[in-house]
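Chemist: As a plain string of letters, each chain reads:
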Amino acid sequence: MKQMKQKLGLTKNRLIGWLASLGILVSFALLAWIYGPSVMVEASYQAAKDKQNEQQSGQPTRGFGSLMTSMAGFNQLLDDKMIEEAVTVAQLEPASKQFGLVIPKIFLNVSVIENVNPDNKEVYQSILKEGGSVAHAKGTALPGEPGAVYIFGHSTDASFNVSRYNAVFYLLRRLEPGDEISVWYFFKEYKYVVTEKKTVDADDISDLVNVENEQKLILQTCWPPGTDWKRLLIIAKPLAV
Amino acid sequence: MRLYKWLRHHAWQLVLLAVLSVGVVWAGLYLSMRSYKLSQSGEEVMIAKVKASDFTNDPVEMTESGKVRVYYWMPGGVTDRNVKVKVGSKSDEKVMEMETYWDTDFEVESGDEVSLQFFEGKDYKTEASGWVKPNDDDTCGLGKYRRQSITKLEDILEEHGEKVEQIMCWTDNELPKGLTLDFNDFVAAVTYTGGDDDDGGDDDDGGEEAQKGSVVIRKFRDDNQNGMLDEDEGATGQEFEFKVRINSEPEFIYTTDSQTGIGEELEVDVGSKVEVEEVEEPGWIRTSDQIQSRKILDETTYVVNFGNYRPGESFGPQQPDTGAPTGLTAGALLLLGLSILLKVKYL
Chain A
1 MKQMKQKLGL TKNRLIGWLA SLGILVSFAL LAWIYGPSVM VEASYQAAKD
51 KQNEQQSGQP TRGFGSLMTS MAGFNQLLDD KMIEEAVTVA QLEPASKQFG
101 LVIPKIFLNV SVIENVNPDN KEVYQSILKE GGSVAHAKGT ALPGEPGAVY
151 IFGHSTDASF NVSRYNAVFY LLRRLEPGDE ISVWYFFKEY KYVVTEKKTV
201 DADDISDLVN VENEQKLILQ TCWPPGTDWK RLLIIAKPLA V
Chain B
242 MRLYKWLRHH AWQLVLLAVL SVGVVWAGLY LSMRSYKLSQ SGEEVMIAKV
292 KASDFTNDPV EMTESGKVRV YYWMPGGVTD RNVKVKVGSK SDEKVMEMET
342 YWDTDFEVES GDEVSLQFFE GKDYKTEASG WVKPNDDDTC GLGKYRRQSI
392 TKLEDILEEH GEKVEQIMCW TDNELPKGLT LDFNDFVAAV TYTGGDDDDG
442 GDDDDGGEEA QKGSVVIRKF RDDNQNGMLD EDEGATGQEF EFKVRINSEP
492 EFIYTTDSQT GIGEELEVDV GSKVEVEEVE EPGWIRTSDQ IQSRKILDET
542 TYVVNFGNYR PGESFGPQQP DTGAPTGLTA GALLLLGLSI LLKVKYL
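Protein sequences, first through last, are from chains A and B. So that you can map any letter, position 35 of the first sequence is 35 in my numbering, and since no number is skipped, the others follow by simple counting. So that you can map any letter, position 315 of the second sequence is 556 in my numbering, and since no number is skipped, the others follow by simple counting.
Please note: incorrect hints may appear among the correct ones.
Stated by the list, open to error - Pairs of lysine-lysine residues, derived as DSBU-like cross-links and limited to a Cα-Cα distance of at most 35 Å, are as follows:
no., chain 1, residue 1, chain 2, residue 2
1, A, Lys-97, B, Lys-335
2, B, Lys-327, A, Lys-188
3, B, Lys-331, B, Lys-393
4, B, Lys-536, A, Lys-188
5, A, Lys-198, A, Lys-188
6, A, Lys-191, B, Lys-514
7, B, Lys-374, A, Lys-188
8, B, Lys-308, B, Lys-404
9, A, Lys-138, B, Lys-327
10, B, Lys-514, B, Lys-536
11, B, Lys-331, B, Lys-308
12, B, Lys-393, A, Lys-121
Everything labelled a hint here was simulated from the structure, so no lab data went into it.
Produce the complete structure using the sequences and hints provided.
Modeler: Pasting the structure below:
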């Protein structure tokens with residue numbers, strides 16, 4: 001055994017060194033896996049912004065998104081058509097007029113699944129996984145009704161990537177007071193304007209329980225990205241016509 | 242200088258590690274992003290995967306004689322659809338607005354079959370996909386995906402007093418996604434004309450001593466938000482106020498009890514119209530119409546139910562969790578940090 005170790009040149013230090021290398025590679029792989037969707041959404045957003053700037057100024061812009069779209073492998077995932085659509089579609093046709101959410105600033109255009117029980121993780125993850133979208137929490141108001149319309153982000157319960165896909169709402173962090181949000185519900189558009197952005201503890205449901213009947217929209221995602229530690233809330237009020 | 246020497250000495254190992262790291266990050270990101278993209282579906286929300294055989298789509302066999310009435314209903318909806326009704330070899334069609342019914346000209350006998358088809362989209366050329374029967378718990382949908390309640394429509398039908406032959410949960414056309422249907426889009430019902438329609442009974446007072454009926458208003462906590470008072474639902478625990486108007490008399494305030502949910506019994510003449518408007522209470526959401534009216538047709542007590550729930554009460558102790566487990570991310574970062582430290586020390 002000793003001879004074999006000597007033959008392979010395996011000393012204790014070298015073994016620890018190799019294990020450390022392995023640790024570095026494994027952790028990189030894990031982090032890349034966890035943050036992949038967020039990186040993709042960020043790259044799509046940046047590329048769409050580049051495209052928008054290019055359309056407005058006539059000057060080609062090369063940023064992080066454009067870089068990603070030109071990288072081997074990723075260019076198939078972030079193709080030009082998709083970016084083009086992100087720029088135009090977000091401002092034109094909602095993904096669903098039955099219940100859809102459109103936020104032009106972050107090129108977000110998704111359908112919303114209605115009445116999803118927010119208290120049953122198994123149910124909402126299953127529905128969100130199949131719906132591939134975002135969910136309206138059962139028990140909260142619907143657009144046009146008094147009270148808070150609460151919409152939370154996409155996730156999945158695939159065995160190897162539990163709760164990884166909250167990326168649809170990853171860009172919520174870019175919203176600021178004054179930004180506009182459109183919610184389509186049963187073919188009617190409800191416009192909201194962001195009034196508040198805040199981070200709260202996961203068990204802080206004060207914005208939802210025993211609130212006044214004032215109409216508002218709450219968009220929720222986990223914060224910081226890649227964790228389920230806190231909740232980022234975007235609170236918007238109906239836009240006065 | 243020492244660092245330079247150290248770097249030079251371990252250069253090949255560091256280069257190898259860097260190349261491997263870049264490769265791993267690249268591959269990890271690619272696989273992660275690809276699987277993410279694949280997980281995203283298209284435009285319409287899929288609720289249940291079904292086979293073509295899951296559709297009912299059979300004609301409705303009528304059990305009585307009479308004229309056919311068709312209901313087209315979706316709460317809060319605004320989409321008109323063209324409905325084609327077929328009885329035997331005859332058919333007729335009409336563009337219907339949401340929450341309306343159509344009294345067709347079809348006279349049917351017991352045993353006749355009636356089939357419906359809805360058309361939507363531009364010029365009403367797109368056929369709706371099909372329908373299934375409602376579930377036993379009065380919802381539309383399949384399996385665990387049961388979400389649209391039909392109790393409000395049942396309520397309307399019961400109020401009209403018609404014989405209902407079939408309630409149908411329809412799904413619209415969801416192409417190009419194919420069979421990812423939800424049966425949740427709209428509801429139709431096949432009944433007969435001539436039930437106790439809204440206007441029935443607004444005649445004959447007769448000039449004799451006025452007959453008296455009565456009205457009671459009840460406020461209940463509508464836990465399942467279906468707009469109906471269910472067996473396990475009770476009072477809200479607080480008083481609610483209502484504006485009540487009987488015929489054209491001035492309105493007055495009516496208060497329901499916090500514990501029983503009901504208020505005093507109001508005696509009214511038969512033939513009167515009672516209009517009740519709920520005064521909104523902060524923190525409560527209505528599940529019934531804010532204004533309801535009843536025509537007092539006989540000497541019985543009419544109960545006007547108003548349901549409410551508190552928003553957010555279906556939330557558990559915390560807001561839904563849609564992120565990766567913090568422990569996983571923290572673990573990966575910790576492993577990275579520790580590995581780098583060990584690598585530097587034992588390189």
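Chemist: Check each numbered hint against the structure and report the violated ones by number, ascending.
Modeler: 6, 9
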